[in-house]
Amino acid sequence: MIRGRAWVFGDDVDTDVIIPGKYLRTKDLRELAEHVMEGLDPSFSSKVQPGDVIVAGKNFGCGSSREQAPLALKLAGISCIVARSFARIFYRNAINIGLPLIEADVMCEPGEVVEVDLSRGRVIAGGREYTGRKLPDFLMEILNDGGLVAHRRKQRERGLI
Numbered sequence: 190m191i192r193g194r195a196w197v198f199g200d201d202v203d204t205d206v207i208i209p210g211k212y213l214r215t216k217d218l219r220e221l222a223e224h225v226m227e228g229l230d231p232s233f234s235s236k237v238q239p240g241d242v243i244v245a246g247k248n249f250g251c252g253s254s255r256e257q258a259p260l261a262l263k264l265a266g267i268s269c270i271v272a273r274s275f276a277r278i279f280y281r282n283a284i285n286i287g288l289p290l291i292e293a294d295v296m297c298e299p300g301e302v303v304e305v306d307l308s309r310g311r312v313i314a315g316g317r318e319y320t321g322r323k324l325p326d327f328l329m330e331i332l333n334d335g336g337l338v339a340h341r342r343k344q345r346e347r348g349l350i
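Quick note: the sequence shown uses this note's numbering, first residue 190, plus one each step.
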């Protein structure tokens with residue numbers, strides 16, 4: 190179960206707003222976290238706390254295929270993203286780096302506590318329960334292992350690949 194304070198955003202939050210292009214050349218991962226969501230809320234990185242959850246509308250993560258977008262969110266402390274829908278490449282990049290997400294049409298106020306049960310596809314926000322799209326078992330396995338690289342290492346150690 191994931192539990193955190195909600196940050197609420199609308200539709201079509203693109204990767205340029207999640208992490209502006211001028212920061213993509215850095216190798217300093219802290220710098221990515223310091224500038225995350227700067228395009229929508231310049232003070233976001235100073236207010237976000239470990240465990241917080243993003244709740245958004247449709248097409249979250251649209252735009253370029255930059256892997257730094259979900260990575261910057263994870264490094265800033267975001268524990269999960271709940272959105273009505275995700276851009277396909279962002280969705281897979283998030284899974285690959287071990288950032289949980291779930292498609293669910295959730296309405297809540299900023300700061301409300303959000304609980305996410307990925308295994309059941311359930312989200313509770315503002316005292317209301319929402320049913321989302323349950324992640325397939327193979328994606329849950331990747332997330333539980335900490336991302337795709339860690340997952341493949343574990344498979345190799347078990348002699349599965």
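Hints are supplied without guarantee of correctness; some may be wrong.
What the hints assert, rightly or not - Okay, derived cross-link-like pairs now, BS3-like style, lysine-lysine, Cα gap no bigger than 27 Å in a straight line: (1) K211 <-> K236; (2) K247 <-> K323; (3) K216 <-> K236; (4) K247 <-> K236; (5) K211 <-> K247; (6) K343 <-> K323.
What the hints assert, rightly or not - With beta-carbon atoms standing in for the labels, derived distance ranges: (7) G266 <-> G228: 15 to 25 Å; (8) P299 <-> R347: 35 to 45 Å; (9) I191 <-> S232: 20 to 30 Å; (10) Q344 <-> G300: 18 to 28 Å; (11) D294 <-> R345: 32 to 42 Å; (12) G316 <-> G240: 25 to 35 Å; (13) K211 <-> G348: 14 to 24 Å; (14) P239 <-> M296: 32 to 42 Å; (15) G240 <-> L337: 34 to 44 Å; (16) L229 <-> E301: 14 to 24 Å; (17) R309 <-> E220: 31 to 41 Å.
Hint data in this document are derived by calculation from the structure and do not stem from the laboratory. Ideal Cβ placement from N, Cα and C applies to all residues, glycine included.
Verification of the hints:
1. With a CA separation close to 22 Å, the supplied pair K211 and K236 stays within the 27 Å bound.
2. Under the criterion of a C-alpha separation no larger than 27 Å, the hint pairing K247 with K323 is consistent with the structure, at around 17 Å.
3. Distance hint between K216 and K236 is fulfilled; the C-alpha atoms sit about 23 Å from each other, no more than 27 Å.
4. Note on K247 and K236: the hinted pairing holds, with a Cα-Cα distance of about 24 Å set against a maximum of 27 Å.
5. In summary, the hint linking K211 to K247 is supported, as the alpha carbons are separated by about 25 Å, within the 27 Å threshold.
6. For the proposed pair K343 and K323, the alpha carbon gap of about 24 Å is at most 27 Å, so the pair holds.
7. In this structure the supplied range 15 to 25 Å holds for G266 paired with G228, their Cβ-Cβ distance being about 18 Å.
8. The hint said 35 to 45 Å for the Cβ distance between P299 and R347, and at roughly 43 Å that hint holds.
9. Hint check: I191 to S232, Cβ distance near 24 Å, so the stated range 20 to 30 Å holds.
10. The given range of 18 to 28 Å is broken by Q344 and G300, whose C-beta atoms sit roughly 40 Å from each other.
11. At roughly 39 Å, the beta-carbon separation of D294 and R345 lies within the given 32 to 42 Å, and the hint holds.
12. Here the CB-CB span from G316 to G240 is close to 19 Å, at odds with the stated 25 to 35 Å.
13. Distance hint check for K211 and G348: the Cβ-Cβ separation is about 45 Å, which falls outside the suggested range of 14 to 24 Å.
14. Hint check: P239 to M296, Cβ distance near 25 Å, so the stated range 32 to 42 Å is violated.
15. Between G240 and L337 the beta carbon distance is about 23 Å. The supplied range of 34 to 44 Å is therefore violated.
16. Between L229 and E301 the CB atoms are about 19 Å apart, so this pair conforms to the stated range of 14 to 24 Å.
17. Between R309 and E220 the beta carbon distance is about 37 Å. The supplied range of 31 to 41 Å therefore holds.
In terms of the numbered hints stated before, the structure departs from hints 10, 12, 13, 14 and 15, listed from lowest to highest.
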